[in-house]
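I would like the entire structure built from these sequences, with the hints used as guidance.
2 protein chains.
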Amino acid sequence: MEENNPREIEAKSMRMIDEEIGNLNCTEAERKTIKRVVHASADTDLATKVSFSPGAAEKAQKLIREGADIITDVTMLKSGINERKLAQYGGELKCFIRDEKVMEAAEKTGLTRSIMAVRKAAKLPGKKIFAIGNAPTALFELLRLNEEENLKIDFIVGTPVGFVGAAESKEELMQSDIPHISLEGRKGGSAIAASIVNSILYMMGD
Amino acid sequence: MEENNPREIEAKSMRMIDEEIGNLNCTEAERKTIKRVVHASADTDLATKVSFSPGAAEKAQKLIREGADIITDVTMLKSGINERKLAQYGGELKCFIRDEKVMEAAEKTGLTRSIMAVRKAAKLPGKKIFAIGNAPTALFELLRLNEEENLKIDFIVGTPVGFVGAAESKEELMQSDIPHISLEGRKGGSAIAASIVNSILYMMGD
Numbered sequence: 001m002e003e004n005n006p007r008e009i010e011a012k013s014m015r016m017i018d019e020e021i022g023n024l025n026c027t028e029a030e031r032k033t034i035k036r037v038v039h040a041s042a043d044t045d046l047a048t049k050v051s052f053s054p055g056a057a058e059k060a061q062k063l064i065r066e067g068a069d070i071i072t073d074v075t076m077l078k079s080g081i082n083e084r085k086l087a088q089y090g091g092e093l094k095c096f097i098r099d100e101k102v103m104e105a106a107e108k109t110g111l112t113r114s115i116m117a118v119r120k121a122a123k124l125p126g127k128k129i130f131a132i133g134n135a136p137t138a139l140f141e142l143l144r145l146n147e148e149e150n151l152k153i154d155f156i157v158g159t160p161v162g163f164v165g166a167a168e169s170k171e172e173l174m175q176s177d178i179p180h181i182s183l184e185g186r187k188g189g190s191a192i193a194a195s196i197v198n199s200i201l202y203m204m205g206d
Numbered sequence: 001m002e003e004n005n006p007r008e009i010e011a012k013s014m015r016m017i018d019e020e021i022g023n024l025n026c027t028e029a030e031r032k033t034i035k036r037v038v039h040a041s042a043d044t045d046l047a048t049k050v051s052f053s054p055g056a057a058e059k060a061q062k063l064i065r066e067g068a069d070i071i072t073d074v075t076m077l078k079s080g081i082n083e084r085k086l087a088q089y090g091g092e093l094k095c096f097i098r099d100e101k102v103m104e105a106a107e108k109t110g111l112t113r114s115i116m117a118v119r120k121a122a123k124l125p126g127k128k129i130f131a132i133g134n135a136p137t138a139l140f141e142l143l144r145l146n147e148e149e150n151l152k153i154d155f156i157v158g159t160p161v162g163f164v165g166a167a168e169s170k171e172e173l174m175q176s177d178i179p180h181i182s183l184e185g186r187k188g189g190s191a192i193a194a195s196i197v198n199s200i201l202y203m204m205g206d
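Line by line, the protein sequences are chains A and B. With the numbering used here, you'll find the first sequence wraps up at 206, consecutive numbering, no jumps. With the numbering used here, you'll find the second sequence wraps up at 206, consecutive numbering, no jumps.
Simulated from the structure, these hints should not be mistaken for laboratory data. Treat the hints with care, as some may be off.
[Claimed, not checked] Each pair of labels, with its calculated beta carbon distance range:
{"id": "1", "chain 1": "B", "residue 1": "GLU100", "chain 2": "A", "residue 2": "ARG7", "range": "17 to 25 Å"}
{"id": "2", "chain 1": "A", "residue 1": "MET174", "chain 2": "B", "residue 2": "MET204", "range": "39 to 47 Å"}
{"id": "3", "chain 1": "B", "residue 1": "GLU19", "chain 2": "A", "residue 2": "GLY110", "range": "25 to 33 Å"}
From the three backbone atoms N, C-alpha and C, an ideal C-beta is built for every residue, glycine too.
So, in structure tokens, the structure goes:
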């Protein structure tokens, strides 16, 4: 009755997803990412909500090939990304939410740790892909740094979830000049952000 | 415009959730868990899908007070649970998915690592709460161990997500004699499982 072979389960899931989402007006690479998002959420409604800046998957892959690090807003998202695959290209997976200085600064200012964590990360040297699955405040801060502080943000996978600010922060990302993959509306989360990042890594082959 | 104080953001979110989900036929404790699930998913449809065995929250709290460990199916879920809070009662947060013997056994049998990981965990001494956010196969295996191998499973937070087996495994859990909190349908995931476990920990006060 139930299936126990992980490869068969995934293949069967992907066939069901293909059937249920039907035709979409998107590139082959975009469809692969969309299928991973639906796979992670079991929410077929999201198939038409994933938003890509032009050539987003290719841009993210180029950054990864150049050794970009991936910075996550929360440790849960960090746990969901295929670190081994990223390491093949020299990049590291990082999260500063539990960094001591970040925690002190958040305490002192009353701002979220997520804000302080991305502020710290954005100022580090090197190429970076930000993956924001949880905190709208982190995404707003990246947009502000890009706009007001002239800190060019290379790429954002931005899918914060929630009732306060999540949809608005993603809307602003979609309007920005930052290369991105995002999701319309309130839904999102770490699993979805991880599925997007992993879809990009998996498309890169071995 | 956007809010940056984490306590205010959470309080505002919870007020919005209260308003949107309206009256539910459930206990005060159940409502707290349901609100956390909606908060984690931004999916108000889930408010009526969370399923509790009788007195589930109280049973889970009793286990935690007795020093139960919490065993997760995947590391992503482990990252999402408040470990510090659990440690106050002597319990540990554990996940065996990357355990060397588990990986070897999965390779040898062609079964999922999730199956092998819960099989190992269930045979350890001591009280345990299983939190299954991802793998239907892990949940099916726990149900089998409970039924066929007479390994009494104390409690399951079971919210695997997906197209193959997820809804069916949760349905079987809801029909079982194992104390549980679960979610009807295909949706679920690590963030939802974490939100349920954390809601129980947060209700325990300091």
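- Message: Output the indices of the hints that this structure fails to meet, ascending.
- Response: none
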